[in-house]
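For the protein sequence lines, the chains are E and B, in the order given.
Just so you know, we're using full-length UniProt numbering here: the first sequence kicks off at 1 and counts up by one.
Just so you know, we're using full-length UniProt numbering here: the second sequence kicks off at 1 and counts up by one.
It should be emphasised that the hints constitute simulated quantities derived from the structure, not laboratory data.
Source: prediction; values computed, not measured.
Among the hints, erroneous ones may be present.
These stretches of chain E come out as covered by chain B in the derived footprint (C-beta under 8 Å, 3 or more residues) [to be verified]:
| no. | stretch |
| --- | --- |
| 1 | 2–13 |
| 2 | 50–64 |
| 3 | 92–106 |
| 4 | 196–209 |
| 5 | 240–246 |
| 6 | 273–280 |
All residues carry an ideal CB built from backbone N, CA and C; glycine is no exception.
Number of protein chains: 2
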Amino acid sequence: MHGDRLLLGPGPSTPYPEAVEALARPVLGHLDPEYLALIHETGDRLRQVFRTENPLTLPVSGTGSAGMEACLASLLEPGETVIVGVNGYFGERLCEVAHRGGARVVRVEAPWGTALDPADVLAAHRAHPQAALVAVVAAETSTGVRNDVAPLGPELAQTDTLLLVDAVTALGGTPLEVDAWQIDACYSASQKCLGAPPGLAPVTLGPRAVAKMRNRTTPIHSFYLDLGLLHDYFLASPPRYHHTASSTLAYALHAGLGRLLEEGVESVWDRHARVGALLQSELPELGFSLVAPDGSRLPQLTTAVLPDGLEDGPARTRLLAEYGIEVGGGLGDLAGRAWRIGLMGHAATERSVVTLLGATRELLKA
Amino acid sequence: MHGDRLLLGPGPSTPYPEAVEALARPVLGHLDPEYLALIHETGDRLRQVFRTENPLTLPVSGTGSAGMEACLASLLEPGETVIVGVNGYFGERLCEVAHRGGARVVRVEAPWGTALDPADVLAAHRAHPQAALVAVVAAETSTGVRNDVAPLGPELAQTDTLLLVDAVTALGGTPLEVDAWQIDACYSASQKCLGAPPGLAPVTLGPRAVAKMRNRTTPIHSFYLDLGLLHDYFLASPPRYHHTASSTLAYALHAGLGRLLEEGVESVWDRHARVGALLQSELPELGFSLVAPDGSRLPQLTTAVLPDGLEDGPARTRLLAEYGIEVGGGLGDLAGRAWRIGLMGHAATERSVVTLLGATRELLKA
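The shape of chain E in the complex, shown without the other chains (with noise of 0.2 Å):
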């Protein structure tokens, strides 16, 4: 017997239907031109979903801290300068990996639960001039906080500083244009707003980063997640062998991709914003309190802290128990007090809503 779950908490959300068919498919190896034509196609759509032309657009093999990883090692060399804009879990994160890879991190924080000040972080910019790379995650899911990362790619593309942007659990939920807003690299993941299964980080870089990659002096200290391989090995002709990709995990993004291009990235946005404003409406009715304030406060993951008569351990058991519904519990001073809430891909949908809600009511009763 297999438990059916209703995923609602941060991540991974229930995939497409379609992205859950396509696993079934038989498995190709690396170097069989249909699996070629499948990888090249996903490129195409994840350009798609960035809103980008970057050749370099592929999905590392990983989960997204993978793709966090692969960036950070792909992009800084020991000594440099980045900095982070740390409000969440997230980025500490980036920190903790960066200050790994042998990089000096300035860190702009706000509080959890608030958002950055992007003039905060060009001011450190400023203070730092020769920071090779600004990293911002647009959405903290650790907090449902939205950061707005807009207004950082105009001023730092006339510097010779690179911006990262974690979309993480942004891409395919909120807007975001790697393009328009001149982000330099970013990176994703399979089970969130995109709707497949975990397993794979969609990144993409652009000019200025692959610039700055195949101009380090020092080695990328990751085999494994050197983009600079990655690109010879997904996008290179004939491919150059550097693992043993799975066709099935990229099956199931090609799929989960197609359906939310087929119903269309901004008609996406829409429905993840509809459908978290509709549980952000009702969650105060039922004594939850909302933790983001409004304006930074992100449809596809909304944090709630819990009425009085509902706890947080024995309320997510019985909510997992008794409806199937899985949701998140708080991180940092949340834990224990707070629920996170996602509505991402597939699962972002008004019947996701009423169900969690009505099973909500049934738990406050008791």
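Since the structure of chain E is already known, use the hints to place chain B on it.
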């Protein structure tokens, strides 16, 4: 339309039907009790196949190369010495990954297509007794050669040097005994003799390797492949969040291992031996000449130089297009002149052998 492939290359192999079926199960979150039970049972199954009691036995969320890098990055500190056996492509890769991580690499070589002499490896260790690690590939996927790793462990166990074995193609195909052979660290891949799709890299670390990792004075350069963090994520209770592991791939690995264990580890070794011997006895009759010498020939991967009248590129194209059969091309000196034929996991059957030989006979007629 999906091409249906008989995968007889160096990997992936055609997975077990049980593994394919498992892919379609509902996606689970990485904190779901059902997922946690699955991952613990997968660890138990991996221990049976690795023939070990090591608690730290888990599937890294990446391919075999991620397993290699996870072991090297976690066990080596910058400036430490690693002795690497090099008699093929994957020995070279061990050198490359260790070098990128800042290690000093001492190479022990044998010509491609021949086996390493364990006495040479031990002599190199006597010359470099301060080496932190000796790393050897048990089954060279590039040449089809078996390296005898059994004599290394008992010698190294009397020193402070650890033994790391690459079992990407070996595990589940030919005898490998992590505990009895005193192997300190070992990694493999899901898509070869374990009969699951690609995407996961099983890794096991023994007590000496865990102690070395826990006592290191520099951080592991990779966050994503830090086996200490992965231990706390996969095996601690409660799990400490690290990344969003793919329940989809875990299901498939778990199911492939279940099928393997139902047949029995030693029976599976016997099947690979029997089927490989059948292929290797028949190929010379078609004019192929076997590359690996008798005694160090892997049953699960056979490298054979093509007979006159069979041109590599066109022949493999026809094999794939007309018969749906994938075999691999030669590497290095053997590029364009040899095939690498895998008989691994579900594809290690007499039917695979007669199918390939029958198709090859047709190609030779043309």
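Structure-based check of all given hints:
A count of 8 residues in the stretch 2–13 of chain E with a Cβ less than 8 Å from any Cβ of chain B is obtained; the coverage claim is therefore met, three being the minimum. As drawn, the stretch 50–64 of chain E meets chain B at 4 residues by the rule of a beta-carbon pair under 8 Å; at three or more, the given contact holds. Requiring three or more residues with a Cβ within less than 8 Å of a Cβ of chain B, the coverage given for the stretch 92–106 of chain E holds, as 7 such residues are present. Look at the stretch 196–209 of chain E against chain B: 3 of its residues bring a Cβ nearer than 8 Å to a Cβ of that chain, three or more, so the hint holds.
Only residues whose beta carbon comes within less than 8 Å of a beta carbon in chain B count, and the stretch 240–246 of chain E has 5; three or more means the coverage holds. With 0 residues having a beta carbon nearer than 8 Å to a beta carbon of chain B, the stretch 273–280 of chain E misses the requirement of three or more and the stated coverage is violated.
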